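Chains A and B are the protein sequences, given in the same order.
Numbers given in our numbering equal positions in the first sequence, counted from 1, plus 3.
Numbers given in our numbering equal positions in the second sequence, counted from 1, plus 1.
Among the hints, erroneous ones may be present.
Cβ pair distances, simulated, as ranges [what the hints assert, rightly or not]:
hint	chain 1	residue 1	chain 2	residue 2	range
1	B	F70	A	H80	40 to 50 Å
2	B	S8	A	L83	21 to 31 Å
3	A	D14	B	E54	29 to 39 Å
4	A	L54	B	E54	39 to 49 Å
5	B	R64	A	N57	19 to 29 Å
6	A	T8	B	E54	34 to 44 Å
7	A	H80	B	R64	44 to 54 Å
8	A	V95	B	F70	21 to 31 Å
9	A	G18	B	K14	40 to 50 Å
10	B	L12	A	K55	40 to 50 Å
11	A	G18	B	E54	47 to 57 Å
Covered by chain B, per the in silico footprint, the following chain A stretches (three or more residues, Cβ under 8 Å) [stated by the list, open to error]:
hint	segment
12	45-58
13	104-113
FYI, nobody ran anything at the bench for these hints, they're computed from the structure.
Only a predicted model underlies this, so the values are computations on that prediction, with no experimental measurement involved.
Cβ coordinates follow ideal geometry from the N, Cα and C atoms, glycine included.
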Amino acid sequence: DAKTTQPPSMDCAEGRAANLPCNHSTISGNEYVYWYRQIHSQGPQYIIHGLKNNETNEMASLIITEDRKSSTLILPHATLRDTAVYYCIVRVLTGANSKLTFGKGITLSVRP
Amino acid sequence: ETGVTQSPTHLIKTRGQQVTLRCSSQSGHNTVSWYQQALGQGPQFIFQYYREEENGRGNFPPRFSGLQFPNYSSELNVNALELDDSALYLCASSAAINLSPLHFGNGTRLTVT
């Protein structure tokens with residue numbers, strides 16, 4: 004699986020949009036971009052995934068650049084409960100493949 | 002819909018002992034995987050089970066083994082515990098469909114003294 008690079012931390016004000024960047028310059032054509040987050044003392048929580056088109060669900064939006072070498076997870080109105088470690092992962096889907104390669108992620112702190 | 006549940010939540014063992022951790026998959030999920038998360042690190046893939054057979058393994062020694070049962074619940078067994086095995090052990094389940102996201106439990110915190 005391709006490697007991802009994320010800044011170690013960032014913060015944003017409550018109610019504002021949080022834009023979390025991820026670099027995956029070696030991504031292959033059959034690899035998807037997945038985002039998970041982990042709130043303290045809990046297991047990782049799935050947020051969203053995409054291949055090359057922008058995606059949106061009730062939690063977030065995922066913007067993938069046209070060359071697919073980077074992406075941005077957008078939390079449109081961050082709340083204090085969004086404070087967590089966010090992991091950007093690229094995943095090749097072959098068979099019943101549940102191997103995810105986690106990095107250290109980016110710690111998002113939402114301030115009041 | 003019942004999520005992924007793990008037991009116990011916390012466990013303390015002595016070096017050299019053996020431990021069994023348990024996981025109940027989310028309803029409708031037939032693939033289970035296990036991850037180890039050391040303090041301050043991201044989770045590391047141990048192995049996955051599909052149809053009661055191991056069909057993928059990370060860089061972990063054979064003393065890490067598992068089982069998946071017909072009801073898709075699972076066990077992780079670790080023999081000859083070492084101090085470095087102290088970690089959060091996470092179970093994740095998914096449907097055996099390629100795009101299916103993994104759903105994680107809240108883990109078992111294992112401390113080896």
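Against the structure, the hints come out as follows:
| no. | hint | verdict |
| --- | --- | --- |
| 1 | B/F70 <-> A/H80: 40 to 50 Å | 43 Å, holds |
| 2 | B/S8 <-> A/L83: 21 to 31 Å | 30 Å, holds |
| 3 | A/D14 <-> B/E54: 29 to 39 Å | 45 Å, violated |
| 4 | A/L54 <-> B/E54: 39 to 49 Å | 29 Å, violated |
| 5 | B/R64 <-> A/N57: 19 to 29 Å | 45 Å, violated |
| 6 | A/T8 <-> B/E54: 34 to 44 Å | 35 Å, holds |
| 7 | A/H80 <-> B/R64: 44 to 54 Å | 47 Å, holds |
| 8 | A/V95 <-> B/F70: 21 to 31 Å | 28 Å, holds |
| 9 | A/G18 <-> B/K14: 40 to 50 Å | 45 Å, holds |
| 10 | B/L12 <-> A/K55: 40 to 50 Å | 43 Å, holds |
| 11 | A/G18 <-> B/E54: 47 to 57 Å | 49 Å, holds |
| 12 | 45-58 | holds (count 6) |
| 13 | 104-113 | holds (count 5) |
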